[in-house]
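Trainee: Here's the letter readout for the chains.
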Amino acid sequence: MDKILVGLKRVVDYNVRVRVKSDGSGVETDGVKMSINPFDEIALEEALRIKERGDANEVIVVSIGNNDAQQQLRTGLAMGADRAILVETANHVDSLTGARVFKALIDRENPDLVILGKQAIDDDNSQTGQMLAALWNRPQATFASNLSIVGQKATVTREVDVGLEIVEVDLPAVITVDLRMNEPRYVKLPDIMKAKKKPLDQVLLGDLNIEEATGIKQVVFEPPSERQKGAMVDDVAGLVAALKDKGLI
Amino acid sequence: MLASDNGQSTMNFALSDEQQMIVDTVRSFVENELYPHEAEVERTGKVSPELGQSIAAKCKEIGFFAANMPEEFGGGGLNHLDFTLLERELGRASMALSVYFGRPSGILVACEGEQRERYLLPAIAGEKFDALAMSEPDAGSDVRGMKCNAREDGSDWVVNGSKHFISHADIADFVIVFVATGEEETSRGPKKKISCFLVDRGTPGFEIRTGYESVSHRGYHNSILNFDNCRLPGTQMLGEPHRGFELANRWLRATRLTVATMSVGRARRVLDLAVPYCVERKQFGQSIGKFQGISFKLADMITEIDAADWLTLSAAWRVDRDLPCNREIASAKLYATEMLARVTDEALQIFGGMGLMSDLPLERFWRDARVERIWDGTSEIQRHIISRELLRPLES
Ligand SMILES: Cc1cc2nc3c(=O)[nH]c(=O)nc-3n(C[C@H](O)[C@H](O)[C@H](O)COP(=O)(O)OP(=O)(O)OC[C@H]3O[C@@H](n4cnc5c(N)ncnc54)[C@H](O)[C@@H]3O)c2cc1C
Chain S
1 MDKILVGLKR
11 VVDYNVRVRV
21 KSDGSGVETD
31 GVKMSINPFD
41 EIALEEALRI
51 KERGDANEVI
61 VVSIGNNDAQ
71 QQLRTGLAMG
81 ADRAILVETA
91 NHVDSLTGAR
101 VFKALIDREN
111 PDLVILGKQA
121 IDDDNSQTGQ
131 MLAALWNRPQ
141 ATFASNLSIV
151 GQKATVTREV
161 DVGLEIVEVD
171 LPAVITVDLR
181 MNEPRYVKLP
191 DIMKAKKKPL
201 DQVLLGDLNI
211 EEATGIKQVV
221 FEPPSERQKG
231 AMVDDVAGLV
241 AALKDKGLI
Chain R
1001 MLASDNGQST
1011 MNFALSDEQQ
1021 MIVDTVRSFV
1031 ENELYPHEAE
1041 VERTGKVSPE
1051 LGQSIAAKCK
1061 EIGFFAANMP
1071 EEFGGGGLNH
1081 LDFTLLEREL
1091 GRASMALSVY
1101 FGRPSGILVA
1111 CEGEQRERYL
1121 LPAIAGEKFD
1131 ALAMSEPDAG
1141 SDVRGMKCNA
1151 REDGSDWVVN
1161 GSKHFISHAD
1171 IADFVIVFVA
1181 TGEEETSRGP
1191 KKKISCFLVD
1201 RGTPGFEIRT
1211 GYESVSHRGY
1221 HNSILNFDNC
1231 RLPGTQMLGE
1241 PHRGFELANR
1251 WLRATRLTVA
1261 TMSVGRARRV
1271 LDLAVPYCVE
1281 RKQFGQSIGK
1291 FQGISFKLAD
1301 MITEIDAADW
1311 LTLSAAWRVD
1321 RDLPCNREIA
1331 SAKLYATEML
1341 ARVTDEALQI
1351 FGGMGLMSDL
1361 PLERFWRDAR
1371 VERIWDGTSE
1381 IQRHIISREL
1391 LRPLES
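Sequence order for the protein chains is S and R.
In terms of the working numbering, the first sequence has 81 at position 81, counting the first letter as 1, and numbering is strictly consecutive.
Numbers given in the working numbering equal positions in the second sequence, counted from 1, plus 1000.
It is possible that some hints are incorrect.
[What the hints assert, rightly or not] Covered stretches of chain S, as calculated for chain R (at least 3 residues, CB under 8 Å):
| no. | region |
| --- | --- |
| 1 | 74 to 86 |
| 2 | 192 to 202 |
[What the hints assert, rightly or not] With a straight-line Cα cutoff of 20 Å, these simulated SDA-like cross-link-like pairs (lysine to any residue) come out:
| no. | chain 1 | residue 1 | chain 2 | residue 2 |
| --- | --- | --- | --- | --- |
| 3 | R | K1192 | R | D1153 |
| 4 | S | K188 | R | L1015 |
| 5 | S | K3 | S | D82 |
| 6 | S | K194 | R | L1015 |
| 7 | R | K1058 | S | R49 |
| 8 | R | K1046 | R | E1213 |
| 9 | R | K1060 | S | E183 |
| 10 | S | K33 | R | F1013 |
| 11 | S | K3 | S | V169 |
| 12 | S | K197 | R | Q1020 |
| 13 | R | K1128 | R | G1202 |
| 14 | R | K1192 | R | R1151 |
It is worth saying that the hints were derived from the structure and are not from the lab.
We treat Cβ as the ideally placed atom computed from N, Cα and C, and that holds for glycine.
This is chain S alone, in the form it adopts within the complex:
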């Protein structure tokens, strides 16, 4: 195949304990460590492995957000992507808008495969890949833990509630990846230096001629209520008694 498109979202690093801004307008990101969404890093790793096996010619990384997301794209380029596209917007991007952006880029780039994370660890929606497949009218295979490609078909192992499901999809397709698919590589020192010279195109979201979704409005952010301290019981009988005591059963 020729091209693989991979999404890299800039999110608060998974090690950071997230805090809500005091005015409730969002989550605190000032001075907070930001990283590539871990699922997206796995998506990129998989795309790079496909390319290194000789099954693809080019890997393109895409991020949607403000200018700071360049940092995550540069990291993607240092990992081995060939070029990057930053779709710039200052607005919050919900799943549908994200899917529409990817669709617009697909129309320009004609990729054979789009690999995304199964969800982003900030909004945790797990929708963009599915919506994109619908807009594109192509097959989807979500929550992938294994992927093999032969000719114009991809065989995907999916992690579902009852176990593992193996599906075959025709390419082009959208695949979203789960945590166990691979372990992303370390960035190599010489590649860090090379990343600077790789192309990074910037496009304004407004110039893509898409409608920004308005279905979801962010009204206010609140931290989850604090968890009540738990109590230990000795055995099942103790558990049943405790639940009865609380009037729960």
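Start from chain S and add chain R with the ligand according to the hints.
Mentor: Frame of chain S, contents of chain R with the ligand only:
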């Protein structure tokens, strides 16, 4: 490479994208490849050769081996500032393990002719490990007072004497050794002339013996070197005869930056443990962090860590620009190592009795911190360097 140099004279405290990637990569390497082995190193006091080699191999694979050495010889070509950022992350981990994240001594760049093929290139390729020997039982801070000496004999040199406290010589393939090669008269009295040699493990008359048990850095061993009529061809000399000290002064300031920045990294790791504990640990019905006696410790810790961090980075930045930097490096080494002592001590206090138990790593960080004020020039020697720079211009 000057990833940090944007060619402007304005002050810029932000990391470049490249520097951020270096920091992120080394941090995740340290967390994934080194932390998991730390408990075992503490328990057994050693690192198996297989583990050491596998860390070195992974480091090579990602192109970080010999990141401090020039690109023209196959190194990573990082400048001092970027390398200091790298070593700050490395400093978080046990030294017994991080020593395998190869950083050959910069002094090897002075290799000439066939020395390049025999020492410089293999050290950069990770085929040979080096150690560096100056200190002797009777010559520590007063290193010029060394007794270990070499006598010229035809085109050879014959070395006699001993060195001690030589770090990681147990795993070294060759040692960079400084010895006295005569004496000269100066206006301030007689002064020993020092020369530098490259000595292979296994050279007849040269013995590497097990050193002392140290309270700091378990698994990171020191050795005793003995020279008994050890004959070295003149081609083993690094640099010019009798110019060993100039060589050392030029290259060894980097090791003081190393001690400073590794102290900063380790202090941050300790703080990362202490802060959550102040929230979780409850006494008198509330988090101990609610007591000002505890919370003010945290305030002092972060303030001192940041101060040491900037002092160290700015000293490295000066080295890269060939600005005067002896005093600045001494200040960074002095302050960062003394900061680490205070931070590890206060962190241990925050953990109370549990801090002393080897079930938690606090006692280890506290022990490890102790040597930083001693090696690569004691705190007193750093203060001597700093005050001398202030006073000398005014003295006649
Ligand atoms: C674990 C370990 C590893 C080491 N690794 C190496 C190595 O790889 N290679 C190497 O060459 N060396 C190494 N060293 C040696 C180290 O650099 C010396 O220990 C250090 O320079 C101090 O020398 P000393 O221990 O002999 O103390 P001394 O010089 O005897 O000092 C004793 C005390 O006197 C003070 N003092 C001395 N002179 C003055 C002065 N002029 N003014 C004020 N106070 C003074 C000192 O600060 C100190 O408090 C290592 C040491 C240790 C502990």
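Trainee: Are there hints from earlier that the structure breaks, and if so, what are their numbers?
Mentor: none
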